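In short: position in the sequence shown from 1, add 32, done, that's the working numbering.
These aren't lab readings, by the way, just hints derived from the structure by calculation. It is possible that some hints are incorrect.
[Unchecked claim] Below, a list of computed lysine-lysine pairs in the DSS-like style, where the Cα atoms sit at most 25 Å apart:
1) K157 <-> K210
2) K300 <-> K255
3) K226 <-> K197
4) K255 <-> K197
5) K61 <-> K226
6) K300 <-> K315
7) K210 <-> K156
8) K48 <-> K61
9) K61 <-> K157
10) K210 <-> K61
11) K210 <-> K255
12) K226 <-> K210
[Unchecked claim] Label pairs and their in silico Cβ distance ranges:
13) N284 <-> R40: 19 to 27 Å
14) Q321 <-> R238: 14 to 22 Å
15) F87 <-> R107: 14 to 22 Å
16) N284 <-> K226: 20 to 28 Å
17) E209 <-> Q41: 51 to 59 Å
18) N71 <-> K156: 45 to 53 Å
19) N101 <-> D192: 40 to 48 Å
20) N101 <-> G125: 33 to 41 Å
21) F87 <-> G328: 22 to 30 Å
Since the model is a prediction, treat every value here as computed from it, not as a measurement. Virtual Cβ for every residue (Gly too), placed ideally from N, Cα, C.
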Amino acid sequence: MDYLLETRQLTKVYNKRAVVDNVSLHVQKGDIYGLIGRNGAGKTTIMRMVLSMAFPTEGDIILFGERTNGRSDRRLGSLIEAPGIYRNYTARGNMEAFCTLYGVDFSRIDSILDYVGLGETGDKKAGSFSLGMKQRLGIAITLLDDPEFIILDEPVNGLDPAGMKDVRDLILRLNREKGVTFMISSHLLDELSKMVNRYGILNEGRLVEEISTEELEMRCRQKLIITVDDLQRAAAIVATMVPQQDMCFLNNDIIIASHLEMSAHINKALIENGIMVSALQHKTEGTEQYFVQRIGG
Numbered sequence: 033m034d035y036l037l038e039t040r041q042l043t044k045v046y047n048k049r050a051v052v053d054n055v056s057l058h059v060q061k062g063d064i065y066g067l068i069g070r071n072g073a074g075k076t077t078i079m080r081m082v083l084s085m086a087f088p089t090e091g092d093i094i095l096f097g098e099r100t101n102g103r104s105d106r107r108l109g110s111l112i113e114a115p116g117i118y119r120n121y122t123a124r125g126n127m128e129a130f131c132t133l134y135g136v137d138f139s140r141i142d143s144i145l146d147y148v149g150l151g152e153t154g155d156k157k158a159g160s161f162s163l164g165m166k167q168r169l170g171i172a173i174t175l176l177d178d179p180e181f182i183i184l185d186e187p188v189n190g191l192d193p194a195g196m197k198d199v200r201d202l203i204l205r206l207n208r209e210k211g212v213t214f215m216i217s218s219h220l221l222d223e224l225s226k227m228v229n230r231y232g233i234l235n236e237g238r239l240v241e242e243i244s245t246e247e248l249e250m251r252c253r254q255k256l257i258i259t260v261d262d263l264q265r266a267a268a269i270v271a272t273m274v275p276q277q278d279m280c281f282l283n284n285d286i287i288i289a290s291h292l293e294m295s296a297h298i299n300k301a302l303i304e305n306g307i308m309v310s311a312l313q314h315k316t317e318g319t320e321q322y323f324v325q326r327i328g329g
């Protein structure tokens, strides 16, 4: 499979400590990829290396099908930490300043400001904008080069609920209407879950897991766990009552993710066929619990 971004055993060592440790990420075109981890887990360092703002100690970064080798790419936009805007300039004044800096024509400014909801701010200085407006202005600035891929580090951190919704809606619109791929870091699990379609979970610099929202939903919905003495025979019996794609196995456990209302019938069928059932339990794991267990919360 071709990836828009792939890292291979990416490692960054500071003061003899690996803050990023053999991380292999995979971001497909069109993804909204959520990078999750506690503070210090390595999220920002990974983003800075992808953006060539820091250099790996070991490993490779493959961006748009090519090794970056420290080169920047105009197809890649970013907003790392607070947006670097000129407080005494208007929204349009900021856009003009960055157009000059990037060598971009002024012709797209008005359409971009309208798109992010800042077209009517007029003479209002950016220093008096709300945090949400500043974030949207920062994203507007990243759009000047018409990037295919945008990296956002904690884009909703510190925002009130209305500001979070504004930024979230903008990201979703850019993804759906313009096909922009995103990598977004956050420790706000609930907010991130409203945007992303895939997650990379980090713990102390290591990638614990990459998982899609569909896989996450499957793992976190209610399950029936049956502990048996003969897993192979028991699985064959249960497979006559439950679709195989809704079954998985761990040690002596059969884990069932559908047809939970048939638990008594499944138990009866196993016993009648000489299978010893030592435990049968319903279990639900919430998404927050799932993430906290993996990020070391």
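Outcome of the hint check:
Taking the CA atoms of K157 and K210, the gap is about 29 Å. The hint is violated against a cut of 25 Å. Between K300 and K255 the CA atoms are separated by roughly 18 Å; this keeps the pair inside 25 Å, and the hint holds. Annotation: proposed proximity of K226 to K197 holds, straight-line Cα distance about 10 Å (limit 25 Å). Annotation: proposed proximity of K255 to K197 is violated, straight-line Cα distance about 32 Å (limit 25 Å).
The straight-line distance between the Cα atoms of K61 and K226 is roughly 19 Å, inside the 25 Å bound, and the hint therefore holds. With a C-alpha separation of about 20 Å, the suggested pairing of K300 with K315 holds against the 25 Å cut-off. For the hint linking K210 to K156, the alpha-carbon distance of about 28 Å lies beyond 25 Å, and the restraint is violated. Restraint check for K48 and K61: the C-alpha separation of about 35 Å exceeds 25 Å, so the hint is violated.
Taken as a hint, the K61 and K157 pair is broken in the structure, with Cα atoms around 36 Å apart against an allowance of 25 Å. Proposed proximity of K210 and K61 is supported: the alpha carbons are some 12 Å apart, at most 25 Å. Taking the CA atoms of K210 and K255, the gap is near 38 Å; set against the 25 Å cutoff, the hint is violated. A threshold of 25 Å between alpha carbons decides the hint, and for K226 with K210 the separation of about 19 Å falls inside it, so the pair holds.
In this structure the hint that N284 and R40 lie 19 to 27 Å apart at CB is violated, the actual value being about 37 Å. A hinted range of 14 to 22 Å for the beta carbons of Q321 and R238 is consistent with their spacing of about 20 Å. The supplied range of 14 to 22 Å is met by F87 and R107, whose beta-carbon atoms lie about 20 Å from each other. In this structure, N284 and K226 break the distance hint of 20 to 28 Å, their C-beta atoms being roughly 38 Å apart.
Between E209 and Q41 the Cβ separation comes to about 36 Å, which falls outside the hinted range of 51 to 59 Å. Taken as a hint, the range 45 to 53 Å is violated for the pair N71 and K156, whose Cβ atoms sit roughly 33 Å apart. At roughly 42 Å, the beta-carbon separation of N101 and D192 lies within the given 40 to 48 Å, and the hint holds. At roughly 36 Å, the beta-carbon separation of N101 and G125 lies within the given 33 to 41 Å, and the hint holds.
For the pair F87 and G328, the supplied restraint of 22 to 30 Å holds, since their beta-carbon distance comes to about 27 Å.
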